[in-house]
Structures are given as structure tokens and as C-alpha cells.
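The chain contents come next:
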Amino acid sequence: MHRAVHAAPDLPWKATTPDQVRVYVWEWPVRFSHWVMVVTILSLSITGLYMHAPYTAAGGHGAYVMGWMRFVHILSGFAFMLGMGVRLVWFFLGNKWAHWNQFIPTTKSRLKGFIAVGKYYTFLAWKPVSYIGHNPIAGFSYMVIYLLVIVEIVTGFTLFSFVVNSPTLKFLTGWLPRLIDIQYLREIHFLIMFVFWMFFIHHIYTAILVSIEEQSGLMDSIFSGFKYVPEDHLAHDLAETEGSEEAAREVASVSASSHKPAA
Amino acid sequence: MNDLPQLALRDVLAARGISRRQFVKFCSLMTATLALPPRYTHAIVKALDKTTKPVLVWLEFQDCAGNSESMLRSGHPSVGDFVLDLLSWEYHELIMAGSGHHAEAALDRVVNECKGEYICVVEGAIPMQDGGVYCTIGGKTALDIATRVCSNAAINIAVGACALDGGLVRSSPNPTGALGLSEAVPNVPNLINLGGCPHNPVNTAAVLVHYLTFQELPELDQYRRPLFAYGNLIHDQCERRAHYDAGRYVEEWGDEGARKGWCLYKMGCKGPEANYNCPSVQWNGSTSWPVKAGHGCIACASPRFWDTKSPFYDRLPKVPGFGVDVKAEEIGWIGTAAVGGAMIAQVVGNIVRDNIKPKDTDGHNHPPAN
Chain A
162 MHRAVHAAPD LPWKATTPDQ VRVYVWEWPV RFSHWVMVVT ILSLSITGLY MHAPYTAAGG
222 HGAYVMGWMR FVHILSGFAF MLGMGVRLVW FFLGNKWAHW NQFIPTTKSR LKGFIAVGKY
282 YTFLAWKPVS YIGHNPIAGF SYMVIYLLVI VEIVTGFTLF SFVVNSPTLK FLTGWLPRLI
342 DIQYLREIHF LIMFVFWMFF IHHIYTAILV SIEEQSGLMD SIFSGFKYVP EDHLAHDLAE
402 TEGSEEAARE VASVSASSHK PAA
Chain B
3 MNDLPQLALR DVLAARGISR RQFVKFCSLM TATLALPPRY THAIVKALDK TTKPVLVWLE
63 FQDCAGNSES MLRSGHPSVG DFVLDLLSWE YHELIMAGSG HHAEAALDRV VNECKGEYIC
123 VVEGAIPMQD GGVYCTIGGK TALDIATRVC SNAAINIAVG ACALDGGLVR SSPNPTGALG
183 LSEAVPNVPN LINLGGCPHN PVNTAAVLVH YLTFQELPEL DQYRRPLFAY GNLIHDQCER
243 RAHYDAGRYV EEWGDEGARK GWCLYKMGCK GPEANYNCPS VQWNGSTSWP VKAGHGCIAC
303 ASPRFWDTKS PFYDRLPKVP GFGVDVKAEE IGWIGTAAVG GAMIAQVVGN IVRDNIKPKD
363 TDGHNHPPAN
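Read top to bottom, the protein sequences are chains A and B. Quick note on this note's numbering: the first sequence kicks off at 162 and runs consecutively. Quick note on this note's numbering: the second sequence kicks off at 3 and runs consecutively.
Hints are computed from structural coordinates only; laboratory data are not their basis. Possibly wrong hints are sitting among the right ones.
Unchecked claim - If we take Cβ atoms under 10 Å as the criterion, some of the chain A residues that face chain B in the derived model are:
#: 1; residue: Gly274
#: 2; residue: Arg347
#: 3; residue: Thr367
As the list claims (entries may be wrong) - With a straight-line cut-off of 20 Å between C-alpha atoms, the simulated SDA-like cross-links for lysine to any residue are:
#: 4; chain 1: B; residue 1: Lys329; chain 2: B; residue 2: Thr310
#: 5; chain 1: B; residue 1: Lys359; chain 2: A; residue 2: Phe284
#: 6; chain 1: B; residue 1: Lys294; chain 2: B; residue 2: Gly256
#: 7; chain 1: B; residue 1: Lys268; chain 2: A; residue 2: Leu210
#: 8; chain 1: A; residue 1: Lys280; chain 2: B; residue 2: Arg355
#: 9; chain 1: A; residue 1: Lys269; chain 2: A; residue 2: Ala396
#: 10; chain 1: B; residue 1: Lys27; chain 2: B; residue 2: Tyr42
#: 11; chain 1: B; residue 1: Lys48; chain 2: B; residue 2: Leu36
#: 12; chain 1: A; residue 1: Lys280; chain 2: B; residue 2: Val350
#: 13; chain 1: B; residue 1: Lys262; chain 2: A; residue 2: Gly223
#: 14; chain 1: A; residue 1: Lys280; chain 2: B; residue 2: Val354
#: 15; chain 1: B; residue 1: Lys329; chain 2: A; residue 2: Trp358
A virtual CB, placed ideally from N, CA and C, is assigned to each residue, including glycine.
Only chain A is shown next, with the shape it has when bound in the complex (with noise of 0.2 Å):
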């Protein structure tokens, strides 16, 4: 289940340092559902802008404007519900530093850990706190972040379903119009598109700032799945004490024995 953590050779344009290893962090379906995400929230804003207030006007005969926004809004919808599927799987399924106990603070040391990196991120510690995978305030962003994608999901089904009229969707997503009228569905589904824009800014922001205070290579990761950790940190990392033993003892050995590059 807990794929090893191992050292891999270095890449042509970034190096380790002598005190780092190669550690393959983020998982194919972790980057996957990432850049899902990234495309269709774009594609999803784009359009929906559109379909709020038609910003432009139409020419011509054959114009099809507002029906090209929709059809292309419809289908970046069900890619991203695809994207947050495979991602969900992998809450399960994936490493440790993609399971669902580093979104949810649920242990002592990740509630003191949420604290410490408060401390840096308000200016009342002078060093960061390192982190392989995500920190807790970062995990707990990203699981606010997925409750408002299911929110986006369910609300999105319900107007879908007044579009297409189909009696299954419609049996599916049919109480929710009578708890909350569908013109404030409409514009809950508009809201959160600026959250995820604040968070998309945000998340820009401490990217940059991560990998710049750390020098691990954490822009390259998104894309290769490799970051660049102090070979200390390993030992360090808490993510193990956080799912289960057996993964705990693998860390350990592998980190025991991890090549260490020449200096």
C-alpha cells in the first residue's frame, strides 16, 4: 500500500546538495488530479464568467457563442469530477504523503505542528518548519479546498439537472432545491469560484516561498513527483507515525540506507 521511499538518481538541471536525497513524493495520480484541477478550474471560470454576464457580443449567422461555453463548461465539469475522483481513490490507496490523515488533523503532533508553522506563517518564529509533505496548515487549506469541490460538484448536478431534465438527476439532486432555492445554489456555485481564486493565489504564494526557503526543488515536484529533502529530514518526517507501523518500519530501513551522493 505505502510505496517505499527511495533515492533516485539527480536530474540534469537541479542537483542535490550534499546533505540531500532524491525522495519521490507526489505520485502519479496525485500530479494527475493536480493538473486536472488546474486546467478545468480555468476552463471552468472562463466559461462560467461567461455564462454569468456574456462579456461578449455576438456577430453573425452561425454565432454559437454561449452554447460553446456551456458545452465546454459541461465537459471541464465532468473532468474535474474525474480529476477529484482519482484523487479521493488515492486518499486511500496512495503514499503517506497523500493520505487522508495529512488533510485532517486528527494526531497530537500534526495539532502541534498546525501551531508551529501558524508561529512562522504570522511572523512569530524566525525559521520555518520543514516539511516532506504537506504541512498541517497546508493539508487542512486543501481539505477546505475539497469540501468546496463537493460543494461545487453537488450544487453544479442540481442546475445540470434543470438543463437536461433527466428524472434520475433530477431523483439525485431533487431535495436540495427545496432546502436552498436554486437561484442561491446558482450563487453559491459563483461564490466559490473566487475562493478557489484566493486560493489559487495563495497557493502560488507559498509555493514560491517554500521552495525558495527550502531549496527543494518543490515547483520541479508537481511535475516530476521528486523533491530534494536534507537526508535528516527523513528521519525527521512524521508522516510515517502517522499511517501505519508497518509503513513506519519500511521508512526507517529505507532511510537507513539510503545512498547518499558523493560530495
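Please arrange chain B on chain A, whose structure you already have, making use of the hints.
Using the frame of chain A, we list chain B on its own:
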């Protein structure tokens, strides 16, 4: 009640100057409205010919009589003409000749003598606050009358937005505690809701004709509205839909797009969220309907539309707690800009921290252990 002379419908209509041809046309209209195949026209003609004028009572509570007016002024010869002749209307405040105790006695007679056989139409909301004193007829509250009359009816038809869910009367702040029939009197037998402000008389006639022909109600949706009338989006039946798909919208009232009949989406038309057959049945003898006349749909047939579909001239409702002038869009953009600003402040803060930090604080902290 059955000692009244039974007149053949054909003779009654002829006496009113309505030809057989017009009657068959009416039956065709009913078949089409009910979305039945054309062969059912014959069944409807036969069934209506044989009808023995079932008793109908029409109750009015907190209303504007708009639904009655809509029924009576529905065209020429009106749908109302046919419906008035198909049924024996024993009680309808707006049009009955009797008044006072005589009128109330007629209602009592129907409830006592035709128990479980008569058709009851309800128009208007029912006030619940302060013992229902805000609407009383003959010393009885609307709730008492509705409970007594509706519970003993064969079928109950709630016409108009007020009878559906309280409508305008119930809209915020609802000073009289008004409710629609289904909430004020739960479990009324065979309830069918015909929302709309006002109801479309063609739909109401179609429900009556369906009941007279098949002795049952048409198929209903989750709000107990008939699917033949409330099964499709206005947007999907709209004659301006092609302009919507193309991307041609009215930007302001009276502009070029408005004169050319472009889509009213940006003017706040609620067609995309409203279920009704308004575009196909239309009004005033099928001459027009709101969008055809150049005004956006306000979703008058949707539940609680006064509160949920307003503002009628904006795409989205106001966000609660942000004042009436603030649009959802503005909240979104300002929030996003604020987060952007906070991130810039963070960047500056990090540069400052890196420059002023003591020498011995290089490197990282390890995550705290348990």
C-alpha cells in the same frame, strides 16, 4: 342536488352560441395541453359529452381575485365558458349571484350532500397568525373553511402562487403568517398545485378535463404540480432561445437588441430556472406571454418566487448580510483582491524577516513530535 334537470352539454353550449366545432377545438386544445396523443381528442369529446356536471366550489382567501379573473377572461369563446358549462359551480364569491347567509348555505349544502364527490378550487393564502383572524368569511377563519371544505372534496386544486405556497401574501416579512394550502391544511385529499401568478386557465381547464375524462389526476412532480405544465424549463421552450445560444443579449431596455427581440438573460430573465408551459400555452387566447412582450420571466410559477427569484432584473439574488446595493460579483472580486494584497504583504514581511533575523536562526525546525 341531483334533482336539477340534466341538460345535454351540446344544448347548453349551443344556447350560449358556441358551435360544436368550437367545442371540438377546445377538446383538441386540452389534448395538446395535456401532451396526449391526438387520438385522445375523441375520448375527451365523448367523456365531456357524457359529463353529468360535477359540483365545483371555488374558495377565495387572501387573494386579489387575479386567478378568477384569469379564468373568466381567458379568450373568446373563453376556456372559462367551457369550464363553467362542464361543471356545476355552486360557490364562487366573485361570480355567484347569492350573497350572505344564502351563499354560505349553498357551500354547506355541497359539503354535506356531496361529501367526497365535489371538486374544490382554492385561491389565495391562508393566514395562521393570531388564530387566523386576518381572513374570515361569515365569521369563520380561512383555515376553518379550508379544513372543512377541502377535507371533504374529491380533488383539491390550489390555483395561483398564493394557494401554492402563500405567494405575495407570504413573502417577507409575512405579517399574517400566511401559508399555502398544502402547508396550512396538511394531507388534503388529491391535492394538485397550479402555481403561477396568476394560474394559466388553460392548465386548470386541462386538469379538470383530465379528471372528468380519466377520473384521476395527471402525473405530478415533487411540488404536486402536473408534469404536463411544469415538466419543462421556460428556457427550453422560449422563442428567444436561439439568441441565447448564439450570444445575443439585450443590454438595456429599449436598445437595439430589445427592438430585435434578443435574449433577456442579462436583464434578469428567470426562464432558465423556471418550470412552466407559459411559452407554449401562452395567454389571452394564445396571443402572447411575458417574454414575447419583451419582459423577462420572473418565475411566477416557482415556489416562493417573490422572495427567492428577486431581484427580478438581476441575474443573481443579493448576498444576505451585504446590503441591497452589493452584487455577488463585487464581493467575489473584492475578496480575491484582498487575498492578493495580503499575499503581497506576506512577501514583504518575509523579505524583512530574512534581512533582520539573528545569525543563529538559519535552517529549519523539525516538525514537533508527539
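Going through the hints against the structure:
1. Gly274: Holds: closest Cβ of chain B sits about 5 Å from A:Gly274, inside 10 Å.
2. Arg347: holds (6 Å)
3. Thr367: holds (9 Å)
4. B:Lys329 - B:Thr310: At roughly 15 Å apart (the allowed maximum being 20 Å), B:Thr310 and B:Lys329 satisfy the hint.
5. B:Lys359 - A:Phe284: Within the cut-off at roughly 11 Å; holds.
6. B:Lys294 - B:Gly256: holds (15 Å)
7. B:Lys268 - A:Leu210: Cα-Cα ~13 Å, so holds.
8. A:Lys280 - B:Arg355: Distance of about 13 Å is within 20 Å: holds.
9. A:Lys269 - A:Ala396: holds (19 Å)
10. B:Lys27 - B:Tyr42: This hinted pair holds, its Cα atoms lying about 13 Å apart.
11. B:Lys48 - B:Leu36: holds (17 Å)
12. A:Lys280 - B:Val350: Holds. A:Lys280 to B:Val350 sits at ~17 Å (cutoff 20 Å).
13. B:Lys262 - A:Gly223: holds (17 Å)
14. A:Lys280 - B:Val354: holds (16 Å)
15. B:Lys329 - A:Trp358: holds (18 Å)
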